[in-house]
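If you're matching them up, the sequences are chains A and B in order.
Per numbering that gives the first Met the number 0, the first sequence runs over residues 0 to 139.
Per numbering that gives the first Met the number 0, the second sequence runs over residues 0 to 122.
Note that these hints are calculated values from the structure, not bench results.
We treat Cβ as the ideally placed atom computed from N, Cα and C, and that holds for glycine.
Among the hints, a few may not be true.
Here are the computed distance ranges between Cβ atoms for each label pair [what the hints assert, rightly or not]: (1) B/Ile87 to A/Arg133: 23 to 33 angstroms; (2) A/Arg70 to B/Gly65: 47 to 57 angstroms; (3) B/Gly60 to A/Ala44: 23 to 33 angstroms.
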Amino acid sequence: MAPDEAGAGAGPGRRSGAHQVLLALYALFVLAAGARAAVQLATDAGRAPVAYALSAVAAVTYAAGWVAIRRASVGRTGFASVMLWVELAGVVTVGTLSLLERDWFPDASVWSDYGVGYGFVPAVLPIAGLLWLRAQRRPS
Amino acid sequence: MHDLTHTALGQLTLVAIGYAGLVALAALGVTIARLERPPLLDNAVWILELLMAVRVVAGIGTMLKGDRPDELAAHVGYLVASVCVLPIAMQSVADDRGSWSSAVVAVAALAVTVVAVRLQMTL
Numbered sequence: 000m001a002p003d004e005a006g007a008g009a010g011p012g013r014r015s016g017a018h019q020v021l022l023a024l025y026a027l028f029v030l031a032a033g034a035r036a037a038v039q040l041a042t043d044a045g046r047a048p049v050a051y052a053l054s055a056v057a058a059v060t061y062a063a064g065w066v067a068i069r070r071a072s073v074g075r076t077g078f079a080s081v082m083l084w085v086e087l088a089g090v091v092t093v094g095t096l097s098l099l100e101r102d103w104f105p106d107a108s109v110w111s112d113y114g115v116g117y118g119f120v121p122a123v124l125p126i127a128g129l130l131w132l133r134a135q136r137r138p139s
Numbered sequence: 000m001h002d003l004t005h006t007a008l009g010q011l012t013l014v015a016i017g018y019a020g021l022v023a024l025a026a027l028g029v030t031i032a033r034l035e036r037p038p039l040l041d042n043a044v045w046i047l048e049l050l051m052a053v054r055v056v057a058g059i060g061t062m063l064k065g066d067r068p069d070e071l072a073a074h075v076g077y078l079v080a081s082v083c084v085l086p087i088a089m090q091s092v093a094d095d096r097g098s099w100s101s102a103v104v105a106v107a108a109l110a111v112t113v114v115a116v117r118l119q120m121t122l
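In isolation and in its complexed conformation, chain A is listed as follows (with noise of 0.2 angstroms):
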C-alpha cells in the first residue's frame, strides 16, 4: 500500500488531515454533552441546574468549535482563533471552579475536574484544536 500524501483524492474542501480528528472529536462532544444536557433538564433540571445548564452551554461550544475547525480547514482560521480560546477558558473556568465550590456542582457538568468523566478530553481538545491552527497558519 502507497504511503498517504495529504490531499490525494479529496476535493478542495475535503482535504486529509488532523483536522478531520478534531471534526469527529467536535462532532462527538457535540451528541455527548448536548444529549447529557438534554436527559439531565429534561428529567432532574432542579438537582443540579447550574452543571446542567453549563453542559448545555458546553455542547453549544461545540457545535461553534465544530463550525469554527471546518472553516479553518479551508483557509478561514479568524472563527476557529476565538472559539478555541473560549472554549479553554470554559474547561478552565468550570473546572477550576467545580474543584473550589463543590456545593454549585451537586452533580457533574462535562468541563467539571476539567473533564474528567471524559478522561480529560474536553481539556486537551482546545490545546489540541490550538496547536492544529498554529500549524495552520505557519506558511508552508
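Assemble the complex: chain A is given as a structure, and chain B must be docked to it using the hints.
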C-alpha cells in the same frame, strides 16, 4: 457495573467492547503507519456496526420483556448512539482513504467502546 458474564446480553456487550477496542487499535495502527485506509478496516467497522445493531435489538427485547434499566433515558440515548456513531464517521470519510481517515475510524470505534461500557453501566 452489572456482571458482564452473568447474562447473554452482558456477554454480547463484552464481545462488543473487546471487538470495538480491537478495531480502534487497528485503525490507530494504520494511522501511525501512515498508510491508506485498507478495505479490511472498513469491513471490520461494518462487522462492529452489525454487532452493535444486534446488541440494540437484544437490549430493546430485554426492555420489552419488562426489564427496565435503572437510567432509562440515558440508556436509550446510549442505544441510539451505539448504532449512529460508526455510519456517521464512515460517511464523513467516504471519499477519503488517507491515513487521517483511519484516525477518524479510531475515534469512532473508541467512542463505541465507551458507549458499550456505558450501556452496561446504565442497566
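Exercise. Regarding A/Arg70 and B/Gly65, is the given constraint of 47 to 57 angstroms on their beta-carbon distance met?
Worked result: For B/Gly65 against A/Arg70, whose Cβ atoms are near 49 angstroms apart, the range 47 to 57 angstroms holds.
Exercise. Can the suggested window of 23 to 33 angstroms be confirmed for the beta-carbon pair B/Gly60 and A/Ala44?
Worked result: holds (32 angstroms)
For this session: Using the beta carbons of B/Ile87 and A/Arg133, state whether their distance is inside 23 to 33 angstroms or not.
Result: holds (28 angstroms)
Violated hints are absent here; each numbered hint is respected by the structure.
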